[in-house]
Structure formats: C-alpha cells, structure tokens
Amino acid sequence: MGYDEKNCLRKGDILLRTRANTRSRWWGSGGLDLWISVKRMAILVLLGGFVGCTPPPQFRENALEWHKQARTAGLKPGESLPDHHRHDVNDVVSDWFGTPDQPSVPLVEGTEDPLMQLFSPEGLIRAAGPVVSRDEKSSSGLYRRHCSHCHGVTGDGRGPTATFLSPYPRDFRLGKFKFKSSPTGTPPTKADLKLLLQNGVPGTSMPSFRLLKDEELDALVDYVIYLSVRGMLERFLIAATRDLDEDERLVNLPKEMRYRDLPAKARMEIGVPVRSIVEPSRSVESDQSVTRSEAAESPDSKIESDEAGAESTEPLEQTTSTYDPETVEEDVTFMAEEYLLPISEKWLGILEFEAKEVDVPAWVTDRTHVERASQLEIGHQLYFGTANCVQCHGETGVGDGQTNNFDDWTNDWLKVEGINPADPEAWAEYVNAGAHPPKPILPRNLRLGVYRGGDRPIDLFRRIQYGIEGTPMPASLTLTDEQVWALVVYVQEMPFEPISRPATAKKSENQRPVR
Amino acid sequence: MMHRFWAILFSLVPILGIGLYVLAAVGKGSFGGFSLSGLWLPENGNPYAVTIDHLFDLVHIICGVVLGITTSVLAYVVWRYADHPGRNNEAAQYVKHNTLLEWIWTAIPAAILIFLGFYQLQVWADNKMNRPTEMVDGHKQAIEPMALVVGKQFGWEVYYPGTDGRLGTSDDQRIENELTVPVGKPVVLRVEAQDVLHSFSIPGLRVKQDVVPGMTQLVWFQVDKPGTYEILCMELCGWGHYKMRARMKAVSTTSEATTGTEQVASPPSLSQEGGEN
Ligand SMILES: [Cu+2]
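Line by line, the protein sequences give chains A and B. Be aware that the first sequence starts at 1, since it is given in our numbering, and climbs by one per residue. Be aware that the second sequence starts at 1, since it is given in our numbering, and climbs by one per residue.
Simulated from the structure, these hints should not be mistaken for lab results. Fair warning: this is a prediction, and the values are worked out from it, not measured in the lab. Please note that a few of the clues may not be correct.
Claimed, not checked - What the simulated footprint calls covered on chain A by chain B, stretch by stretch (three residues with Cβ under 8 angstroms from a Cβ of chain B suffice, anywhere in the stretch; the number is not a length):
(1) 188 to 200
(2) 391 to 404
To be verified - Ranges of calculated distance between the beta carbons of each label pair, as one might list FRET restraints:
(3) A/Glu377 to B/His139: 35 to 45 angstroms
(4) B/Gln141 to A/Asp366: 46 to 56 angstroms
(5) B/Glu134 to A/Lys213: 51 to 61 angstroms
(6) A/Glu377 to B/Gly214: 40 to 50 angstroms
(7) A/Lys356 to B/His139: 44 to 54 angstroms
(8) B/Leu116 to A/Pro130: 46 to 56 angstroms
(9) A/Glu330 to B/Gly240: 26 to 36 angstroms
(10) A/Leu348 to B/Val50: 50 to 60 angstroms
(11) A/Phe496 to B/Gly214: 45 to 55 angstroms
(12) A/Gly418 to B/Thr169: 43 to 53 angstroms
(13) B/Thr51 to A/Lys356: 53 to 63 angstroms
(14) A/Thr72 to B/Lys208: 54 to 64 angstroms
Claimed, not checked - DSS-like mimics (lysine-lysine), calculated; alpha carbons at most 30 angstroms apart, straight line:
(15) A/Lys194 to B/Lys96
(16) A/Lys178 to A/Lys356
(17) A/Lys213 to B/Lys128
(18) B/Lys140 to A/Lys178
Ideal Cβ positions, reconstructed from N, Cα and C, are used throughout, including at glycine.
Taking the hints into account, I'd like the entire structure generated from these sequences.
Set out below in structure tokens:
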C-alpha cells in the first residue's frame with residue numbers, strides 16, 4: 001500500500017536501463033528478438049502500473065488567499081507573510097482535516113461533535129481516496145473519479161480541465177453555492193446539492209450524474225461539504241494571521257518549532273481531538289475510534305507546496321520540552337471556537353432547514369388556464385418595472401443589460417486593490433497565485449430556455465425570490481409570492497415567443513408525411 | 001523454428017479470431033471468470049430491429065468466411081515457402097499479373113456489395129423512413145414523437161410535452177439523462193443536438209442515429225420487455241464523450257385507459273417538489 005519513493009525510483013531506473021539495452025534490438029531484423037523485447041516491455045509496464053508509482057495527492061494550500069492577505073497587509077509584490085504563519089495554518093488544517101487519502105474530522109465538542117452529522121464516515125470513505133472499484137457493488141474514490149479533474153483535489157475549482165471551461169468550475173472554499181432552496185447567506189441543503197448532481201447545471205460544463213447510485217451521490221455531497229468546511233477554515237485562518245503582531249503566532253510555539261512536530265499524544269491532549277476516517281481494510285487499527293490519523297505521522301501529510309519538509313524529519317527531543325502546553329491549548333481552543341465553530345454551525349443549520357412551503361398557482365403549471373394571460377401581462381410589467389429585471393437581462397431579455405459585473409469568487413480578490421479587470425498586467429500576480437483570469441458574469445439570456453438552477457416552476461421561483469448567491473442577481477425582497485409567480489410565467493414564456501424562435505430547421509427525410 | 005513464426009502467427013488469426021468471435025456470439029465461452037458473451041451486443045429488445053440483427057449476422061458470416069479463406073491461404077503460403085532446412089535454395093519467381101485472379105477478386109466483392117445493397121433496402125426503410133402509424137379517427141396517421149431528446153456536451157436532455165401534449169411549448173418538462181417509455185407499443189422520439197455532432201444510440205434496441213445541430217431526426221422502436229436500457233453517445237464529441245450515458249426505463253402502463261405516454265411522461269422526480277426529498 002501507498003507510495004514508496006525509493007522503490008519507485010529503482011523501478012524507473014530498471015525500466016530506463018532495459019530500454020537502453022534493448023534499443024539496438026528494436027532496429028534488428030530478428031522477429032524473435034523483437035518478440036522478447038516487446039514481452040519485457042509489457043511486463044515492466046504492467047509492473048509499474050500495478051504498483052502505482054505516483055505520490056498520493058495532497059491538498060493544495062490556498063496560495064491566492066495568502067497573496068491577497070499579503071497585499072491587504074500592505075506588502076509589496078514578491079513579499080509574503082512570514083513562513084511560520086503558513087506553517088501554522090497548514091499544520092492545523094491538515095491536522096484537523098487529514099489528507100485526500102485519509103480525511104479526518106475535528107471533534108471540537110468531543111465524540112458527540114455535531115460535525116459528524118454533516119459528513120457520515122461511510123460517505124467520506126467512499127468519496128475520498130484513490131479510485132478503486134473492486135466489483136460493481138463497491139467503488140471508492142468517487143470524488144477523484146468524477147469531480148477532481150474540474151473541481152480539483154482540494155475543491156478549489158482548479159482541476160486540470162478548469163482553465164478551459166466557461167464558466168469556471170465552482171471553488172468550494174468560499175462556502176457559497178448558487179442553486180439552493182435556502183435563502184441567501186445560508187449554505188445549500190444536502191438535498192439541493194444532490195439534486196444538482198442529478199440534474200447537472202444546464203448551460204455549463206457540469207454534467208448530470210443521475211446514473212450514479214443514490215448512496216454514491218450522498219457520499220459526494222458529504223465530501224463536497226467536507227471540502228467546503230475545510231477550505232473555509234483555511235481562509236479564515238489565513239486572514240487571521242494578517243492581524244497578528246510580529247512575534248505572535250497562531251499557535252504560540254517556540255521559534256523554529258512547528259505544530260505538526262508536536263508528538264501525536266501531545267496534540268491529542270492539548271489540541272482538538274480528531275476522528276480519522278480510514279477505510280477499515282486500510283486502517284492500521286480496526287476500530288475507528290477517536291484516533292490521530294496515522295497519516296499525520298508520516299511525511300506524506302505535509303501540504304504539497306510546503307518546502308520545509310526536510311527539517312521536520314530531524315529528531316525533536318531537545319525542542320519538545322520547551323513549549324508551554326497551556327498556551328498551545330489556549331491557542332488551539334481559540335482557533336476552534338473562533339473560526340471552526342461558526343463554520344460548522346452555519347452548515348449544521350441546514351440539517352434542520354426546511355424549505356418554505358409554497359403553493360404553485362394553477363396558472364403556472366397549466367398553460368391553458370384562463371388566468372395565465374393576465375398573469376403573463378403582470379409579469380411583463382414587473383420585468384420592466386418594479387422588479388427591474390430589465391437592468392441586467394436587457395430590454396429584449398437576451399442578457400445584454402449590465403454585463404460588466406463579476407461574481408463573488410472573482411470579486412473576492414479583484415476588489416481588494418480595485419484591480420482593473422481589463423488590464424491583464426494588473427491581475428497577473430493573482431493569476432500566478434492561482435486565480436483564474438477574471439471573466440465578467442453575464443446575465444442569463446432568457447430567450448434560450450436554459451436555466452442553470454433547474455427549470456421547474458419552483459426553481460425559477462426560488463431564483464427570483466432568493467436571488468442567486470455570489471452573483472449580482474439579487475433577492476426580490478419586496479415582491480409578493482404572487483408577483484414572483486407572475487414573473488415565473490413571463491420567464492417561462494419568453495423562449496417560446498415568436499421572436500425567440502429561429503427559423504424552423506430543415507426537416508430530414510424521416511419526417512416526411514406517411515403515404 | 002523462427003522461419004515458421006509468421007506462418008503460425010497468420011494461422012492464429014482465423015483460428016483464434018474467428019473462434020473467439022463464434023464463442024462470444026453463442027455466449028458459451030469464458031476465460032477465468034471473464035465471460036465472452038459480455039463482448040457481444042446485449043440481447044435485442046426491439047421487434048423492429050430483428051431484421052437489423054439478421055443483417056448484422058449475415059454481414060459477419062460473409063466477412064468471417066472471407067477472412068477465414070484469405071488468412072488460411074496466406075498462412076499456408078508462408079508455411080509452404082518458408083526458408084527451412086531441406087528446401088532447395090530455389091530462386092523466387094515474380095508473378096506480375098493474373099487477369100483471372102483480378103476478375104475473381106473484383107467481381108465477388110462487387111456482387112456481395114450489390115446483393116447487400118438491395119437486400120437491406122426494406123430494413124432501412126422500416127427503421128429510418130416509414131414511421132409507425134396509428135389510427136386516429138379512422139385515418140392512418142404517423143405517430144407523433146412522445147419526447148424530445150437533445151444531445152449536448154455531455155449528456156442527454158429529455159423533454160416531455162406538458163399538460164398541453166405538445167412539444168416545444170413552455171410547459172415542457174425536462175429531465176436530464178433519463179428517458180421513460182411505455183412497453184409494448186411503438187415509441188417515436190425526436191432527437192436533436194445542441195452543440196456538436198452526437199449519435200443517439202440504444203445498443204439494447206439496435207437504435208443508432210447521428211444527430212447534427214440544426215437538424216431534427218426521428219427514431220422509433222418498440223420495447224417488449226420492461227427494464228432499464230442504456231443510452232450512449234456513439235460519436236466522439238469532446239473530452240467528456242465517455243460521460244454521455246443515460247438511462248432508458250421501459251415501464252408497462254398499468255391502466256389501458258390512459259394513453260401510456262401521459263402515464264410515463266411525468267416521472268415521479270419531475271413532480272413539483274419530487275426531486276428534493
Ligand atoms: Cu456526444
């Protein structure tokens with residue numbers, strides 16, 4: 001199990017040497033020689049494939065947030081916040097949330113911590129880790145199989161394919177989600193996220209995952225929430241380091257000493273207990289009681305971009321005695337209460353959340369209803385009047401109104417220094433730190449009939465009533481339910497007005513009338 | 001032994017190749033738990049496509065016979081004339097032209113091709129041109145599509161007519177990657193593409209239709225057995241082509257009184273709050 005660097009290097013070496021030795025034979029005339037070398041190559045390739053010579057992926061640190069906070073703190077380009085801050089944040093976050101292969105959950109309130117209700121251990125096991133499918137019934141590594149190439153292993157919306165997509169994949173670390181049944185400012189419910197996985201997001205690169213099993217979808221929802229909570233905490237901690245005095249640290253340890261260098265036992269006693277989520281067969285101990293993740297002990301657990309790994313492998317006996325357990329405990333508890341609890345409380349609130357009951361008027365679902373025409377007219381008036389949809393979606397509804405806005409995920413860094421989005425040189429440093437080149441968020445073209453958050457009447461109703469989180473689409477607080485429904489009807493009809501319909505496509509031969 | 005190598009290799013093509021193929025077709029063979037029948041097309045559930053399967057088998061048998069003959073001759077020649085001890089070092093002869101051979105290997109394939117061309121005409125017409133009909137008010141009328149399936153990067157959108165029973169109006173109901181059809185009666189679907197070329201295919205029903213953006217195609221079939229069938233895209237359409245899988249559910253309509261399509265046109269997940277619980 002796992003990645004053995006030495007072994008892999010040796011094997012690669014053999015592969016290279018074999019290739020060099022047999023090279024002359026490739027050009028030789030003997031069929032048998034060719035056969036032998038083909039066989040040897042095949043065996044080597046198979047061997048390499050089975051052992052899997054790639055290091056386990058790691059969560060990527062939020063370099064963009066570090067850069068942003070450095071600039072906010074008044075540092076010049078090229079300067080960064082002190083390394084010990086980065087170490088503290090990385091150590092604490094990876095101590096609490098584990099690694100992509102071995103996630104864990106911090107139990108601030110002991111074993112009964114409500115955070116465990118947010119993500120079930122079974123769900124995290126199925127969604128995390130490398131892609132494995134033993135048989136049709138059980139498969140794990142769902143997130144890496146289906147999601148990570150766009151959303152990234154870290155859930156930062158920066159997977160390998162992300163740059164090529166428009167709109168960019170969601171970055172979970174802001175904890176904001178667009179399409180949900182809950183009001184602005186609250187996280188989506190689990191059912192919202194699951195529905196989104198089933199339907200995909202029409203008009204974007206997010207496909208439908210309806211063919212996944214129910215429990216697989218549940219597992220992915222849990223994992224997305226896990227990544228979101230983890231990412232939010234990391235951002236909060238990074239922001240917190242900015243305001244610290246020069247000789248202050250998040251965890252007040254002696255200089256040159258890192259939080260992760262504390263013995264596991266010490267971290268267990270004075271820090272926050274962590275429940276490690278390890279698949280039973282992969283786990284060293286069979287019981288999944290509250291334990292420190294084994295991974296946390298191995299060098300693997302260090303954050304990918306952390307270059308300071310070498311020093312940590314040195315013996316630490318002489319330094320361990322010099323820290324003050326009480327201060328460390330105070331600091332860790334403070335972090336948990338100040339930064340982690342608000343996040344988990346926010347998410348836990350949605351477990352009890354029940355979407356507002358709304359009755360769908362008959363004239364919304366029934367096109368032939370007598371009232372529909374008058375409601376359509378009311379919706380039309382609202383569009384241009386009180387609701388002011390026209391400002392962004394334009395007079396014709398093709399989304400050509402205000403088109404120079406950006407979404408919250410971009411504004412998060414774009415607004416910091418008032419960067420001019422039209423000037424690539426102005427945002428180059430942020431793109432280098434991991435941001436996507438800013439793209440304006442365009443109001444929806446309402447004549448296409450493509451609705452990202454779903455096209456059921458209730459979906460449109462919620463988009464209008466609650467707005468769309470993270471975008472300029474506002475909640476319509478002043479409209480009554482009935483008015484919102486009238487708008488829904490108007491929006492429903494727009495794609496079917498004659499002006500929206502292109503010339504009818506040429507009919508193919510199999511549509512000719514039957515003799 | 002080396003001089004016989006190529007002869008053995010070539011003779012393996014008809015022996016192993018055709019053997020595997022036949023075993024897969026009869027669904028009997030398996031290697032270490034790996035069933036060969038899994039390599040074959042799924043069982044056909046579409047009465048319209050019985051003739052397609054017949055054509056499919058016919059073409060394969062013709063090709064199999066030709067493959068067997070040509071590779072056997074090739075293997076024999078390589079074996080017979082290989083350089084081996086006991087063979088005199090005769091010089092090779094260069095045969096430049098043989099009119100009779102040219103005639104044979106031009107005429108036979110041409111005859112087969114022309115035969116197949118005529119032989120399949122009716123199958124093509126039944127599956128691509130003569131839409132199934134139904135009697136409406138005493139008139140024979142082509143069956144209207146019960147749903148619209150739109151291929152897009154990367155998935156299939158299915159639209160059902162809403163309460164007005166017509167497609168292309170504001171009460172259409174959309175569901176992603178799931179199509180529900182009634183069993184035991186002809187089903188006509190309208191198929192379109194949103195962005196690039198796709199190919200709508202249901203292997204279990206032998207349905208396959210390329211879809212081009214801007215064009216409308218109709219496909220029809222009948223499902224005799226209730227169950228779940230796989231819908232695939234069969235035209236490489238981008239990086240996510242492999243994700244273009246959808247599910248088709250064939251359900252029996254419980255009450256004969258309703259027209260079936262209306263019964264299944266609103267799968268439970270489409271009802272107002274259905275998908276959210
Ligand atoms: Cu496709």
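Verification of the hints:
1. Only when three residues or more bring their CB closer than 8 angstroms to a CB of chain B does the claim for the stretch 188 to 200 of chain A stand; here the count is 6, and the claim holds.
2. Closer than 8 angstroms: that is the beta-carbon criterion, and the stretch 391 to 404 of chain A has 0 residues meeting it against chain B, so the requirement of 3 is violated.
3. At about 39 angstroms, the CB distance of A/Glu377 to B/His139 agrees with the hint of 35 to 45 angstroms.
4. A beta carbon spacing of about 27 angstroms between B/Gln141 and A/Asp366 contradicts the range 46 to 56 angstroms that was offered as a hint.
5. Range check, B/Glu134 to A/Lys213: Cβ separation about 38 angstroms, and the 51 to 61 angstroms hint is violated.
6. Distance hint check for A/Glu377 and B/Gly214: the Cβ-Cβ separation is about 34 angstroms, which falls outside the suggested range of 40 to 50 angstroms.
7. For the hinted restraint 44 to 54 angstroms between A/Lys356 and B/His139, the CB-CB distance of approximately 50 angstroms keeps it satisfied.
8. Judged by the Cβ atoms, the range 46 to 56 angstroms given for B/Leu116 and A/Pro130 holds: they are separated by roughly 49 angstroms.
9. At roughly 50 angstroms, the beta carbons of A/Glu330 and B/Gly240 sit outside the given window of 26 to 36 angstroms.
10. Between A/Leu348 and B/Val50 the beta carbons are some 58 angstroms apart, a value that agrees with the proposed interval 50 to 60 angstroms.
11. Judged by the Cβ atoms, the range 45 to 55 angstroms given for A/Phe496 and B/Gly214 is violated: they are separated by roughly 19 angstroms.
12. In this structure the supplied range 43 to 53 angstroms holds for A/Gly418 paired with B/Thr169, their Cβ-Cβ distance being about 48 angstroms.
13. Range check, B/Thr51 to A/Lys356: about 56 angstroms between beta-carbon atoms, so the 53 to 63 angstroms window is met.
14. The hinted range of 54 to 64 angstroms is satisfied by A/Thr72 and B/Lys208, whose Cβ atoms lie roughly 58 angstroms apart.
15. Distance restraint check for A/Lys194 and B/Lys96: the Cα-Cα separation of roughly 71 angstroms exceeds the 30 angstroms cut-off, and the hinted pair is therefore not satisfied.
16. Between the alpha carbons of A/Lys178 and A/Lys356 the distance comes to roughly 18 angstroms, so the proposed pair stays at or under 30 angstroms and holds.
17. Only pairs whose Cα atoms come within 30 angstroms are accepted, and A/Lys213 paired with B/Lys128 is rejected, the gap being roughly 35 angstroms.
18. Restraint check for B/Lys140 and A/Lys178: the C-alpha separation of about 50 angstroms exceeds 30 angstroms, so the hint is violated.
Consistency note: the structure conflicts with the earlier hints numbered 2, 4, 5, 6, 9, 11, 15, 17 and 18.
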